[in-house]
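One letter stands for each residue in the lines below.
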Amino acid sequence: MPRMRMNQAITAAIADEMRENPDVVVFGEDVAVAGGPFKTSDGLLEEFGPLRVRDTPISEMGFLGAAVGAAATGLRPVAEIMFIEFIGVALDQVVTEAAKFNYLSGGKVSCPIVVRASAGAGLGFGCQHSQMLDSWLIGNPGLKLAVTSGPGNAYGLMRSAIRDDGPVVVLEPRPLYAMRKEVRTGEDGIISLGKAFKRVEGDDITILALGSTVWASLEAVASAEGWSADVIDLQSLQPWDTEAVLRSVARTGRLATVEEGPLAGGWGAHVTSRVVADLFGELKAPPLRITSPDTHVPFVKELEDLYRPGAAYIAKQISALLETGEVPAHWWESEGAAA
Amino acid sequence: MPRMRMNQAITAAIADEMRENPDVVVFGEDVAVAGGPFKTSDGLLEEFGPLRVRDTPISEMGFLGAAVGAAATGLRPVAEIMFIEFIGVALDQVVTEAAKFNYLSGGKVSCPIVVRASAGAGLGFGCQHSQMLDSWLIGNPGLKLAVTSGPGNAYGLMRSAIRDDGPVVVLEPRPLYAMRKEVRTGEDGIISLGKAFKRVEGDDITILALGSTVWASLEAVASAEGWSADVIDLQSLQPWDTEAVLRSVARTGRLATVEEGPLAGGWGAHVTSRVVADLFGELKAPPLRITSPDTHVPFVKELEDLYRPGAAYIAKQISALLETGEVPAHWWESEGAAA
Amino acid sequence: MSSESLERREAIRSSRRARYERMVEIRVLEDAVRALFAEGLVRGTTHTCQGQEAVSVGVAVALRPTDTVCCTYRGHGAALALGLTPLSVLGEIMGKEVGSIGGVGGSMHLCDTSVGLMPTMAIVGAGIPVAAGAALTAQVRGTDDVAASIFGDGAANIGAFHEGINLAAIWKLPVIFICENNHYGEYSRINLTTPIENLADRAISFNIPGEVVDGQDLDLVVDAVERAALRARAGEGPTLLEIKTYRYSGHSRSDTAAYRPEGELDEWLNRDPINIFGARLVAEGLLTEAEIEEIAADAQRAVDEAAAVAQDSPSAGIATMFANV
Amino acid sequence: MSSESLERREAIRSSRRARYERMVEIRVLEDAVRALFAEGLVRGTTHTCQGQEAVSVGVAVALRPTDTVCCTYRGHGAALALGLTPLSVLGEIMGKEVGSIGGVGGSMHLCDTSVGLMPTMAIVGAGIPVAAGAALTAQVRGTDDVAASIFGDGAANIGAFHEGINLAAIWKLPVIFICENNHYGEYSRINLTTPIENLADRAISFNIPGEVVDGQDLDLVVDAVERAALRARAGEGPTLLEIKTYRYSGHSRSDTAAYRPEGELDEWLNRDPINIFGARLVAEGLLTEAEIEEIAADAQRAVDEAAAVAQDSPSAGIATMFANV
Ligand SMILES: Cc1ncc(C[n+]2csc(CCOP(=O)(O)OP(=O)(O)O)c2C)c(N)n1
Ligand SMILES: Cc1ncc(C[n+]2csc(CCOP(=O)(O)OP(=O)(O)O)c2C)c(N)n1
Ligand SMILES: [Mg+2]
Ligand SMILES: [Mg+2]
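Chains as they are written, first to last, in the numbering used here: chain G, 1 to 339; chain U, 1 to 339; chain W, 1 to 325; chain B, 1 to 325.
Worth flagging that the hints you see were computed from the coordinates, not collected in a lab. Some clues are possibly wrong.
[As the list claims (entries may be wrong)] Sample of chain B residues lacking proximity to chain G, with all beta carbon distances greater than 12 Å (derived):
| # | residue |
| --- | --- |
| 1 | Trp268 |
| 2 | Gly285 |
| 3 | Ala290 |
[Claimed, not checked] Derived contacts from chain W toward chain G, CB cut-off under 8 Å, selection only:
| # | residue |
| --- | --- |
| 4 | Pro119 |
| 5 | Ala134 |
| 6 | Gly164 |
| 7 | Asn166 |
| 8 | Leu167 |
| 9 | Pro261 |
| 10 | Leu265 |
| 11 | Val325 |
If you're wondering where the values come from, they're calculated on a predicted model, not measured in any experiment. All residues carry an ideal CB built from backbone N, CA and C; glycine is no exception.
Just chain G, same shape as in the assembly (with noise of 0.2 Å):
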C-alpha cells in the first residue's frame, strides 16, 4: 500500500474517479495551475487537461451553481471551496437547489456535487477561517456529509462521494492534509457513505470522534488507566452509522461524543439524543459531550490547543464520567478556567 498524506490521498481519490469516467470534472478557486491551495489537485490539470479541470474567479455561488448545472446534465463535478466558512456566501446552491433537485424533478434530475472543503482549527488562521461549521450542513435533507480523518479515509470516502448520485458534502480537517500514512488504494479502498470506522476496542464507554478529534480521542484512550473504550470514528455525519453506534453503546453502556466545534448545534448532541432513546435503559451513565465552547476560534496557539478538544482533557472527562457516574462540567465552566 503507498505512503500519502491526506491531500495526497484526496487528489489520488479524485485522479482515479476521473480515469475512471470522464464526467468527472474539478474546478475551484487555484485548484488547476497551482494544484490547489492545499495541493489537493496537484497534477490533475497535467493528466486530464483544462476542459475538465478549471481555475475559477472567485465566485462561490457561481461555481457551485455551475457545478450544480453540469452535475444536473450529467457531469460529475468536484468543487474546492478553500475554506468551509466560504460556503457562507453560496450555501444557497448547494442546500436549497442541489439538495433538492432529485425531489423538485420527480427524480428525473440527480444532482452528483461535490463539494469539498477544508476545515476546522489548529493552524493559527484566525476565527473566520477555522472552523468546523458540520452544524449548518447536518440538517439539510438530500445532503450528505462526510468529515475525514487521515489519507485513508480521505481516499475511500471522496471515491464514495463522487460516485453518489447526489450532493455530498465532504469536510477535510486542515491540519490533517499534512499526515502521512499507508492508503488502501483502488476499488477496495472505497469506503461507503454513511459507514463508520471502529479504530480501537474497548469494555467501558463508546468514544465518538470526527476528523481531528479521531487522533485526540485514541490518543486519549492510549493513556487511559484503569478504563478501555471503543473508539469509533464516525466519517460521515449524513448518513450516520446508527447501528454501529447502537451496537457499540450497547455493549459499553455509556456514550461520549468529542466534537471540535461548539456546544451549541454540534453533532454530538443529535448523535446523543438517538442513542438515549433507543439505549434509555441500558445506559450506564449519562452520555457526555466533550466539545469546543461556545466561542470564537482563538489566534493564539495556547487558546486554540484549549479550543480544539485534547487528549489529556478528553481522558480527564471520560474518568470522571466513570468515576462519579455524572457527567463533568466543561473546562471553562470551571472554577476559575476563563480568569
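Keeping the supplied structure of chain G fixed, place chains U, W and B with the ligands upon it in accordance with the hints.
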C-alpha cells in the same frame, strides 16, 4: 390590552422602538411602500419617512451587509429576509461578519442588527419556501436566535431583539401572522431573549415547543387523557432558557421536544443532550423527540399537515411514552406509513 | 408525457401558427390559474405571466429540445412553450400525480427533462449560474447544445447574476442569459431598485454582447435568441439579452398591483404580444380573423378540460414525501 | 493607543514628508512580517502589501479620521496608514495583548475605531456592502462622513461587489469603492478570472462614475480619492475607483509567486511608489537624498523596536477567548 395580529404586533414593536430611538432603521424587499409582503411594516414609511424605512433591491447579501455596516457605526437596522431560505444567499454577513465583529474589534464594534424572517410550513409554498432552518443558525457563537409563536411574544421578543447589542435572528412562523390576540404593549410587554414561557402546567412530562408547535402541543395537552404536562414555549433558541427547562424536567421527570423541521440537526437534540447530561438520574423515561421527517416540505395540504407535528400525533407519541416507558417509533417508521 | 412534450415543442419550432396558438394557450391557462386560486381551489401561491407570452414562446422556438433551460417560479408560460402539456402544468399547480413532478412541488416547481426544462427555481437568481453549469456540460462533452437562463429584472441585482455571467464569460460557455424585464420585482418598479435604464448594459462588465429586445414582438424575440444561440454553438460564448415586456397581473396570487402608475398597464395592453403576432399572421395570410376566434375557443376548451381532468386526478400520495430525497 | 493613532493619521494628512515616511514604514514593517514568519516566530498566515503602499497612504490622506474604512486581510498597510502604530499591528500579528484587538485575531484581523478602521474582514468582498452600510449611517444621521471599502481585483468577481455597489448607487450613499487591483487574486492573474481589462468599467452597471487610477503615484491616489469623497459628501453618491498597483510578494506567507511571467515584477519595481514619491519630494526640495536614507533607517529602527516590544509582551490570555462574543 389591544388585540392584534402577529404581523401587526411585529409592526407595533418596531414602531415603538423607532419612536424611542432614532437609530432604528428598517429595510428589506418591499417593506416600505408596500408595508411588507406579510404586512409586518405597514405604516412605518408613513410615520418614519424614507430615510429610515427603505425598500431594497433583491440583494440579500447587499442589504444584510449594509445592515452590518450601519450597525457597526451606530444604527440599529431591522432587516427583513422575506423567507428564511433566502438567507442561504447571504448567510456570510450574519454569521461570519456580524456575529464576530465584537470579537474582532476587541469589544469596540458591536453589531446590533435584527434579521427578521418568515419561516415554516403550513401555507403550501413548496419546499423552497417552507422550512424553519433553525439548524443553520443555532451553532454560531455571537448570534442570538428567537422564534415567535404569536402576537404577544412577537411584540416582546422583537423589542428585545432591537435593543440587543449583538445580531439577532427572529424567525416568524408564517401561518401565525394572521393569529389575533391581546398583546401587552409598552415596556411591560418586552420579553427578554433567552427566557422561556410556561404556557400550561402539568405533572407527567415537560413539553418543549417553539413557534407553531406551541399551539399543536397545547391542543395535544388539552385533549390528553390521564396525563398532564408542562408546556414550555422556548421562545429563544440561542440562548435558551436552560434553567426553566431543567427546573421543569426535574419535576416532571420526562421530556418531549416538539419540532417543526427534520429530525437531523433539530434543536430538540441540542436541548435534550443538555437535559440528559444534567438530569440523567432523575429521568423516568427517555426524552422524546417529535419532529418532521427527514424530507423536503411537500406542497399538498394533506402531506404538509403530516409534515408538521399535529396535536393528535403529539398526544399519541406522549401517551405511548408514558405507557411503555419507551420512545415510540416516528410515524414514518411505522409499518406501511409511506405506502 | 415526454413524447407529447417533444411533439408540442416541435410544433412551435416548425409552425408560425402553432406559435400563435401556444401564446394563446399560455394566456388562457394563466387566466385559469388565477381563477382557480381566486376560487380557493388551489393553495399556496402562484406567479402568472400574462403579457409575457412572446418571451416564453420565443425562447422555446429558438432553442432545441436538447438545449437546457433554467426558469423561475414564474414558469408556467415557459413550461408550456417548451412543450409541457396544460395537464402537466395544471396538475402540478394543483398538487396532483399527473403534475409534471407528480404534484410535490406546486406552482413554483415544474420540470421536464425531455424538453430541457430543469427544475424551476424559486430562489431569485439561482438559475443563472446553474445554466452556466449546463453549458459547461455541453462544452466538456463537445456537443453543440446550449443552455439558457430566464430570469427577471429584479434578479439582475443579485450576486448570482454577476457571478454566473462572469464565470460563463471567462469560460466562454455556450449559454444565453435572458433577462425578462417585466419592469417589476414584486411590488417595486425597476427604477426604484436599479440605477440603470437598460440592464443589457451590464454585459459590458463581462465583455460579452448585450442586447435590448422588444419582448412584445415574438419574431424579434426568436431572432435575438437564435442569434445568441448561434454564437454560443459556435464557441463564441455567452450573450445577455434583456427582453422588455410587462406583467399584466400582480406579482403573485394576492397582489392587485395597485402600485402601478395609472395608464401604464393600458399602454402595454396596446402592444399585446398575442395581438401583434396575430395581426401579423393575418397580414401574412396565415390566419383569418375567424381562426383567431376559433383558436381562443379551442385553447379555452383544452385548458378547461385539463383543469377538470387534473381536478379529478389523485393528489400526490404519501409515498412522494419520501421519494427522491 | 487611540490618541496616538489619531496623531499619526493627522501627520500624513498635513505633511507630504510624513506620507513618504509612512510608506517607508509600511514597506519595512511588511518586510519584517515576512521575516518573522519565515523564522517561524509567528504562526498562521499573513498577506503583505509591499508595492501597494501608495494606495494605503493615499486613501488615508484623502479621508478624515471620522470616515469609516473597511479593509481586507491584506490590511497591515492600510492600518498603518490610517494611524495604527507598528506595535499595535505587529502585536496583533503575533497574538499579543498589545495588538490592535488584543491578539485574538492575528494578521488578518485588525481594527481601530478611533481612526475609522472597521474590523478587517477575511472573507473576500464582505466589506463592500458593509461600507455601504457605514455610509448609510452618515446619510441617515445627516453628517458629511463617508465610508470606503478597499478590496482586491479578485473581489470584483464576487456577488457582494455587485450587490453592495448597486445598493449604494440606488440609495446614493456616500461611499467610495476602492478596488486595489494588484493584478492577482491568490495565484491567478486577473486576466484568467476576469473578462474585462478595466474593472472601473463595471461602474457602468450601476450608473456611477468609475475611474482608473495609477496606484504607484501617491499624489494621483490622493487626488482621486479626494474627488470621490467630495462627490460623496455633496450627496452625489458612490464612486468606483480602480487603483492599479502590484503586489511584490506572494499572496500569502507560503507563496513564492512562481506563477508570475518573467520580467513583470521588474517592470513594476521600476515604478516603485516609494521611489516615485521620494524623487518628487527631492525635486520639490522637501527631502534630501541623505534624509531618504535616514528615514529608511529610522523606520527600520522603529519597526525593529516595535517587534521586540511585541515579542516580549504577554500573549492574549484565556479570558480573551470568552470576552466580546
Ligand atoms: C433570493 C431571493 N430573494 C427574494 C425572493 C422573493 N421574491 C420572489 S419573486 C421576487 C421578485 C423577482 O422579480 P423579478 O426578478 O423581476 O422576476 P418577476 O417576478 O418579475 O418575474 C422576489 C423578491 C426570492 N424568491 N429569492
Ligand atoms: C469568499 C472567499 N473566497 C475565497 C477566499 C480565499 N481568498 C483569500 S484572499 C483571495 C484572493 C483575493 O484576491 P484579491 O481580491 O485580488 O485581493 P488581494 O489578495 O490581491 O489583495 C482568496 C481567493 C476568501 N477569503 N473568501
Ligand atoms: Mg420582474
Ligand atoms: Mg489582487
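Contradicted hints - numbers only:
Structure breaks hints 9 and 10.
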